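> Hey, can you work out the whole structure from these sequences and the hints?
Heads up: the sequence lines are chains P and E, in that order. Using the numbering used here, you'd call the opening residue of the first sequence number 1 and step up by one each time. Using the numbering used here, you'd call the opening residue of the second sequence number 1 and step up by one each time.
Treat the hints as calculated values from the structure; they're not laboratory data. One or more hints might be untrue.
In silico EDC-like pairs for lysine to aspartate or glutamate, Cα to Cα no more than 16 Å straight-line [to be verified]:
1. E/K240 to E/E155
2. P/K174 to E/E155
3. P/K193 to P/E171
4. E/K240 to E/D164
5. P/K100 to E/E6
6. P/K222 to P/D137
7. E/K70 to E/D164
8. P/K8 to E/E6
Values in this document were obtained by computation on a predicted structure and should not be read as measured data.
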Amino acid sequence: MKRKRIIKQSILTLLLLLGAAEMILPFLYMISTALKGPVYVFEFPPKLIPSDPTLQNFRTALTKNNFGHYFLNSLIISVITVVLILLLGSMMAFSLARFKFRGRNFIYGMVIFFMTMPSMSLIVPQFVMADRLKLVDTLSGLIFMDVAMNLPFSVFLLQGFLADIPREIEEAAKIDGASNTTVFLQIILPICKPALATSAIISFLGVWDEYVWATTITNSPKNWTIPVAIASFQGVHTTNWGLVFAASLIAIIPVLILFISLQKYIIKGMTAGAVKG
Amino acid sequence: MKQLKEKKFPYLFILPGFLFLFVWLILPMLSALNISLRNWNIMPNMPKPWAGLTNYSQILSDSLFWLSLKNTFVYALVTVIGQMILGLLVALLIDNLIFGKVFFRAVYYLPVVTSWVVVSLLFKFLFNSSPSGFINYLLCNVFHIIDQPVSWLTEANTSFAAIDTLGIWKGIGFAMIIFLAALQSIPQDLYESAEIDGGGTIALFRYITLPALVPTIATVSVMLLIGAFQTYVPVAMITKGGPLHRTEMVVSYIYNTAFTNLNFGYSSALSYVFALIVFGLSRLQLRAFGGQKGIAEK
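Structure (structure tokens):
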């Protein structure tokens, strides 16, 4: 019986390792290409371990292409967007989870509707809106849209989290004369920490990687974000793949750090809607 | 006075967030209808003449739209099925594992959190047409499946290979995570009592695991379908819809109609039709699974 179990576990592990290799190999080849000089990128046979590794691509990416500026743009946009989403999202969720008011169902239905709507289906009128508000080619235009697109999911997540939490503490505080705002700031926000963490990470990942809107409303390189910049490294005729992947790796680093350290919250967020519903 | 304040409170807390949704989602949804009924000109102060339903009737005879719709359907079918089957398989393997669960979960999930732009460029590079392209090298020189290097991205019959493979590869982890959570919520004693009754592995899967997973399969497939229908970045990065619109998807067609050809009216009409198709399809899908769930419960 014990032997049978060992064999079963070994087969499972072996199969999973085979699949895992396919998940990881493209990334390894990307790292390897980033470490190759231009002459080695298309050498035959292709080598996973570069014969003459160099950090030149990383140096070029960091110093010559204004990459630091794009990185900063992405960081500013992501941080402001996430803070706004957490604040506005938790306020909305608090109202939806704790109060009965006229229009509540309409607002909640709208949140669900926009959460499942294909995000690209409104890009034309959204562009027209940005044009009217003089937000084309501005960082604020990116932030406003990123907030609107990611807000519904966070409201949904926080609302669901709050709905499962008993109200005793809040009610006790209210009897003691606490205002709704006090309850929100001193009781609700601390309780919601895990759900706030989840929605912060999920929104951050979405905003950090967002490409379509960013490339649509920015014209001047000074407003580019990292994905727009990386896409622009892809030349019309020849592409310097080493440089593209060095830049890509730099862009992936914050995501990887977040993912490895906060895996628990990311997975919670991804499964929140699907398993329950 | 206090009561009035109490009544106003939820509205005050909803308002700031609602403003964002109103300006960037609700108003655009309404204005898209207006735009779609006109010959819209993006230049300021230019006339935007009323066009009635001409944009919509144009869709009917627009062969490029129908081609892109067909491409989108085929892409969605291939990638959703691929992601579901492989994701479920990996979830089942991980669920039965004693050591290394967290490690494998993280590895398979890695592509999900990586930027679409980055992995699209990566797959474009892997599917390079030269003999030293990674996929060509593997298939020609390592596994000997093909005799000579293939120009994956520019040949009509293989132009979807990179986009399809990427779509599946990037989404396995997402399906896996959700299936894994669902598998872990199936009560263990169900399996134990069935094992006592002499059920084999396949019977256990067929009569316990699978029925318990039906609601999850329904939600995951709808989520993946909605995702597949809006796949734009890989097309824009890898093939630009070519060769000869062979990899043109509805979203890339909508995007280019607006931002390359500057035909905002027609693009909005296309968006409306497309959103309706996606919405209707996901309803149908949920309903189909809903019926099956009823049977499973009986």
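> Does each hint fit the structure? Answer for all of them.
Each hint tested on the structure:
1. Using a Cα cut-off of 16 Å, the hinted pair E/K240 and E/E155 holds, with the two alpha carbons roughly 14 Å apart.
2. A distance of roughly 69 Å separates the Cα atoms of P/K174 and E/E155; the hinted pair therefore is violated under the 16 Å criterion.
3. For the given pair, P/K193 sits about 20 Å from P/E171 by alpha-carbon distance, which is inconsistent with the 16 Å threshold.
4. Between E/K240 and E/D164, the direct Cα distance comes to roughly 14 Å. Compliance with the 16 Å bound is thereby established for this hinted pair.
5. Distance restraint check for P/K100 and E/E6: the Cα-Cα separation of roughly 11 Å lies within the 16 Å cut-off, and the hinted pair is therefore satisfied.
6. Simply put, P/K222 and P/D137 have alpha-carbon atoms about 9 Å apart, close enough for the 16 Å limit, and the pair holds.
7. Under the criterion of a C-alpha separation no larger than 16 Å, the hint pairing E/K70 with E/D164 is consistent with the structure, at around 14 Å.
8. For a cut-off of 16 Å, the pair hint linking P/K8 to E/E6 is broken: about 62 Å separates their Cα positions.
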